[in-house]
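K.L.:
From first to last, the protein sequence lines are chains L and U.
Per my numbering, the very first residue in the first sequence carries number -15; after that it's consecutive.
Per my numbering, the very first residue in the second sequence carries number -15; after that it's consecutive.
In short, the hints are calculated from the structure, not lab data.
You may find that some hints are simply not true.
Each pair may be met inside one copy or between any two copies, as identical chains are not told apart.
To be verified - Derived lysine-lysine pairs resembling BS3-like cross-links, with alpha carbons at most 25 Å apart:
hint, residue 1, residue 2
1, Lys120, Lys71
2, Lys2, Lys34
3, Lys145, Lys181
4, Lys34, Lys181
Protein chains: 2
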Amino acid sequence: MNNETNVTWHDHQVSRSKREALNGHKGCVVWFTGLSASGKSTIANVLDHKLYEMGMHSMVLDGDNVRHSLNAGPGMLVDTHGETFAKRFGLGFSAIDREENIRRIGSVAQLFCQSGLIALTAFISPYRADRDRIRKNLEAGEFIEVFVDTPVEVCESRDPKGLYKKARAGEIKGFTGIDDPYEPPASPELVLKTEDKTAEMLADEVVAYLREKGILPA
Amino acid sequence: MNNETNVTWHDHQVSRSKREALNGHKGCVVWFTGLSASGKSTIANVLDHKLYEMGMHSMVLDGDNVRHSLNAGPGMLVDTHGETFAKRFGLGFSAIDREENIRRIGSVAQLFCQSGLIALTAFISPYRADRDRIRKNLEAGEFIEVFVDTPVEVCESRDPKGLYKKARAGEIKGFTGIDDPYEPPASPELVLKTEDKTAEMLADEVVAYLREKGILPA
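Next comes chain L alone, as it looks inside the complex:
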């Protein structure tokens, strides 16, 4: 390749708006936050399916696809340089580990948004400062914070993985809503009240919001 090619490569970059024109919708991050068992993942997956059926392009990021690779725990990383690698980079559940967990997810969600997709993230993400930092890194209107506002009593009565039971028994320490705080968003774009509603109905509320804001076509 000659030098000229090297110098002018920026001309080859595909603009965000061109990508969005190809997709037929805008890119954004729909950030679900709420207690364990509040319904985040369920709603995100139902929404993902609805968007797919509308011909839109979306991607769910949740514990299933993030905790096993990008944000794997120390036990899942291979120590190729002695004991240091997994210990340093593997994520546990301490305050800084949780912060880094959410920081990385925010960065990845931003990359999906930049690629023109609708990124749907479903993590407890209990701390306001962590969520606000992600909002700040995105353009205005790109971060759609959806508070899945299910009371802790309801979450605890659902308890699909038996985690609340373990937390009450002291087998899990620092469990959000039990012995670690959940900080609700100060001004979320959407609040979903999940009691007496199906996941379908709740996903429709998000679709309506995305249409209203011009992220999805009318």
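Please arrange chain U on chain L, whose structure you already have, making use of the hints.
P.N.:
Below, chain U without anything else, positioned relative to chain L:
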């Protein structure tokens, strides 16, 4: 939401093949590897543009969009918990930091691939073991290793950022190709010889490969 909704949410997951049907092509990771100034980013961006013009969905991951967020250095991270956060999670250029840099990029490329996109990564990624670990995490045929095989003398003569000059002067230590090894792929899917070819011609070689393998429509 009732318990039934919680139990059956997996039915809502959109299968990979459905996503690919919507896009009109398969998802994969095109992993460019080669020396600094070998042409990786240029070719990846030209390829990205070509894919866009074909109506395909792709995303370039390179230093520009990864080193400032996901894999930021210590100086770019905010210390919210004393001095520990940036120090522990910020990535420098030591052996384990480089390994973690590539590991995270591999995880993100895999997520893009799972979302049905063609992820184009442009990083030196000098160590064979790091690249092979990413290949192992992907399904057969999903990892397309493209060796951008430009001799170090040619890269050094281009030196668009003056990095080789600094490395020769000892101002940069551990520079790949000068005082740190580059391990070429043992059996890459593609080898691009960049001398006397334009980035357009080289990107076309990748397009031809993707067509041949059925990732792109014929």
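K.L.:
Which of the stated hints cannot be reconciled with the structure, identified by number in ascending sequence?
P.N.:
none
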